[in-house]
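J.: Listed here are the chains, written in short residue letters.
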Amino acid sequence: MDMKVQKAKLGLKEKYRLMTRDLGWTPSYQPHEKLYPYAAYEGIVIHDWDKWEDPFRLTMDAYWKYQAEKDRKFYAIIDAHAQNNGHLNITDARYLSALKIFLQAISPGEYCAHKGFARAGREFPGVGTQVACQMQSIDELRHAQTQIHALSSYNRYYDGFHAFIQMRDRMWYNSVPRSFFDDAMTGGPFEFMVAIGFSFEYVLTNLLFVPFMSGAAYNGDMATVTFGFSAQSDEARHMTLGLECIKFILEQDPANLPIVQRWLDKWFWRGLRLLSLVGTMMDYMLPKRVMSWAEAWEIYAEDNGSALFKDLARYGIRPPKGWKDAAKARDHISHQFMLAFYQWSFGTAFHGWIPSEADLDWLSSKYPETFDRHYRPRWDYFKKLADAGTQFRNVGLAKLCQCCQMPCVFTEPDDPTLLCHRERVIDGHRYHFCSDHCREIVEHEPEKYVQAWMPMNQLFQGTSGGGGIENWMRWVNLVDGKDNGDFVGSRDQRNFAAWRGMATSNNGT
Amino acid sequence: MAVVALKPYPLRPVDGIEHYHGDQLVYWSWDHHLMFAAPFITCPSPSTRVVDFLEATIRPLIAADPDADRVDWTCVEWIRDHEPIAIDVGKSFSENGIGHKDLLRFRTPGMNTLCG
Amino acid sequence: MSQVFIVLQSNEETRAIVEAIEQDNPRAKVTRQPAMVRIDAPEHLVIRRTTVEEKTGGAFDLQSLHINLVTLGGHVSEDEDELSLSWNH
Ligand SMILES: [Fe+2]
Ligand SMILES: [Fe+2]
Ligand SMILES: [Zn+2]
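Chains as they are written, first to last, in the working numbering: chain F, 1 to 509; chain X, 1 to 116; chain U, 1 to 89.
Keep in mind the hints are simulated off the structure, nothing from the lab. None of the hints are false.
Within a straight-line C-alpha distance of at most 27 Å, the following computed DSS-like cross-link-like pairs (lysine-lysine) qualify:
1. Lys-13(F) x Lys-65(F)
2. Lys-34(F) x Lys-51(F)
3. Lys-288(F) x Lys-384(F)
4. Lys-55(U) x Lys-29(U)
5. Lys-247(F) x Lys-310(F)
6. Lys-115(F) x Lys-65(F)
7. Lys-13(F) x Lys-51(F)
8. Lys-65(F) x Lys-55(U)
9. Lys-73(F) x Lys-288(F)
10. Lys-115(F) x Lys-7(X)
11. Lys-288(F) x Lys-29(U)
12. Lys-51(F) x Lys-247(F)
13. Lys-384(F) x Lys-482(F)
14. Lys-13(F) x Lys-70(F)
15. Lys-29(U) x Lys-310(F)
16. Lys-448(F) x Lys-7(X)
17. Lys-383(F) x Lys-288(F)
18. Lys-73(F) x Lys-55(U)
19. Lys-310(F) x Lys-51(F)
20. Lys-7(X) x Lys-34(F)
21. Lys-247(F) x Lys-15(F)
22. Lys-324(F) x Lys-310(F)
23. Lys-321(F) x Lys-310(F)
24. Lys-70(F) x Lys-115(F)
25. Lys-55(U) x Lys-70(F)
26. Lys-310(F) x Lys-328(F)
27. Lys-29(U) x Lys-366(F)
Residues of chain U placed beyond 12 Å of chain F at every Cβ, according to the derived structure:
28. Val-18
29. Glu-19
30. Gln-23
31. Arg-27
Since this is a predicted model, take the numbers as computed values, not measurements. We put the CB at the ideal spot given by N, CA and C, even for glycine.
All chains should be modelled from the sequences, with the hints used to inform the complete structure.
T.: Next up, the structure:
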């Protein structure tokens with residue numbers, strides 16, 4: 001049988017040329033520099049923008065076709081999810097904490113990426129890059145929308161989802177993702193591209209989306225799997241854009257190398273700090289787990305990341321400065337964060353809990369070098385206090401890092417029994433950091449970071465609702481006794497159990 | 001180093017002592033006692049006696065640690081910015097030269113029930 | 001030697017694509033995880049339009065791969081007939 005399809009009239013390469021390059025023009029009544037005022041100030045030298053090419057050679061007509069198809073698939077599943085009480089299919093209501101963090105911390109980041117790429121698409125002088133950035137900008141908007149839409153079906157039934165917009169700006173832990181994206185968006189277009197397009201999309205989103213979405217599937221959460229994979233199908237393109245841009249910048253002029261290397265160092269570290277939240281979600285918040293954070297890190301960061309940096313070595317690029325410290329922290333951060341969230345759960349819009357014996361055993365097996373030695377004794381002690389009716393609540397406010405704005409929960413890279421303290425006086429003012437790398441970022445561009453709006457410091461200035469914990473809760477839209485606190489005894493726990501009982505038996509009330 | 005920018009970009013700190021209504025920020029951390037996830041940020045008046053603040057604020061914050069009752073503020077080893085310092089807890093913060101946003105670490109050698 | 005990889009959603013549409021990849025890349029290793037399929041290969045991996053078409057018995061536009069793509073690693077090169085992944089070292 002002759003399977004030959006009729007050859008398209010235009011080859012992919014030719015079509016790509018016609019629908020990108022040939023849409024550009026040379027300005028005649030304004031000088032080039034005025035048309036692209038942000039193209040040069042960062043110090044990146046580009047000689048020939050036409051050398052940049054999208055390896056997928058995706059053009060707008062094909063883009064719309066495939067995106068429409070992705071959205072059709074997405075909404076078919078979301079409708080089915082709503083019609084069939086899909087929220088009752090998740091393995092356990094504890095899992096909802098991961099979704100709450102996702103909606104509060106990650107989805108607003110998608111929207112920031114949308115804005116950032118819209119700007120990059122305007123500011124880069126090359127037509128191919130402009131088109132690719134425009135597509136990515138629309139993708140990221142779609143991601144924000146589909147995530148909000150999918151998770152709204154949980155908001156109908158559970159606490160903690162209702163005020164993610166306000167919480168994005170006001171909730172203390174959300175200042176971490178917020179400052180991350182604010183930092184990227186206030187850089188020039190090249191830094192933004194290296195920050196989000198390369199460091200975040202290429203080096204780190206695999207860790208965020210792939211194992212987490214697979215985990216969502218494993219935990220019966222079809223709504224999240226659907227938005228996750230729908231978004232992820234765009235990420236492969238984003239990653240490729242990021243990698244192409246890096247190669248293009250490095251090939252254009254040798255003067256670009258030190259600038260790019262510094263951005264890589266900075267944005268790898270900032271991204272890593274942001275993603276330690278995901279490590280916590282993976283290790284603690286998925287009732288059924290596909291792999292540990294450490295295993296995901298091994299596959300997606302150590303294996304794939306080292307292949308990438310071996311490849312970039314021919315341009316003179318070395319792995320990011322924080323790479324070794326990141327590897328050292330691999331077996332610690334998820335535990336450090338969950339222990340923190342547990343003791344601060346009165347101030348979070350998701351629930352914390354003490355892992356069950358079975359979960360602790362799983363963690364021991366996944367973290368043989370660290371868990372029994374450093375973290376399990378603390379969980380055991382917390383459990384002893386809770387069982388005695390004296391649940392441990394840490395009502396002290398935390399010291400935050402001036403750069404990443406994380407509470408300084410991290411230990412010394414070479415001493416897991418001691419918190420890592422770093423400080424520096426800049427122009428007569430003292431600043432604190434979580435790590436050498438965060439300190440170095442601030443020392444390089446202090447103007448940017450000394451103006452950081454640090455939630456804990458602001459509480460003492462009296463700006464966040466007017467002082468006092470009740471005012472603060474009202475101001476962040478945190479409903480005390482519902483959104484916060486321990487999962488055990490929460491409304492989410494009770495409702496889920498009752499509704500699932502109704503769904504699986506005839507004993508409805 | 002300085003930020004690369006198109007226009008002048010001055011340093012504009014937002015955490016200066018003038019924003020704290022006469023008080024000042026002081027951070028605290030108990031070395032090798034990791035039950036408490038992060039150092040504490042507090043906001044005492046510079047004229048408060050250090051021991052009064054320790055008893056009224058820090059002691060309750062660390063009370064859940066099994067070693068907390070045995071902490072004697074006159075015996076702990078104090079560290080500021082990676083250097084040992086002497087603190088006379090009977091005197092005030094300003095008399096001890098403890099400034100805005102200083103981080104005070106205290107060590108209690110030989111006392112470590114939970115996080116060895 | 002560095003691995004390139006591609007991850008696809010596991011569904012009806014990708015079944016034939018995964019079979020085609022296995023046929024055209026004897027050194028590829030296929031791993032199935034919840035809701036997705038991961039394929040690793042040393043240095044190089046290729047997806048050929050004609051092989052997919054042999055499997056499905058219908059026309060296949062390589063760019064439609066975007067719908068079911070989850071992630072990939074390696075430099076991409078694509079034209080109407082094949083999509084390849086590789087590292088340059
Ligand atoms: Fe996205
Ligand atoms: Fe993206
Ligand atoms: Zn930091």
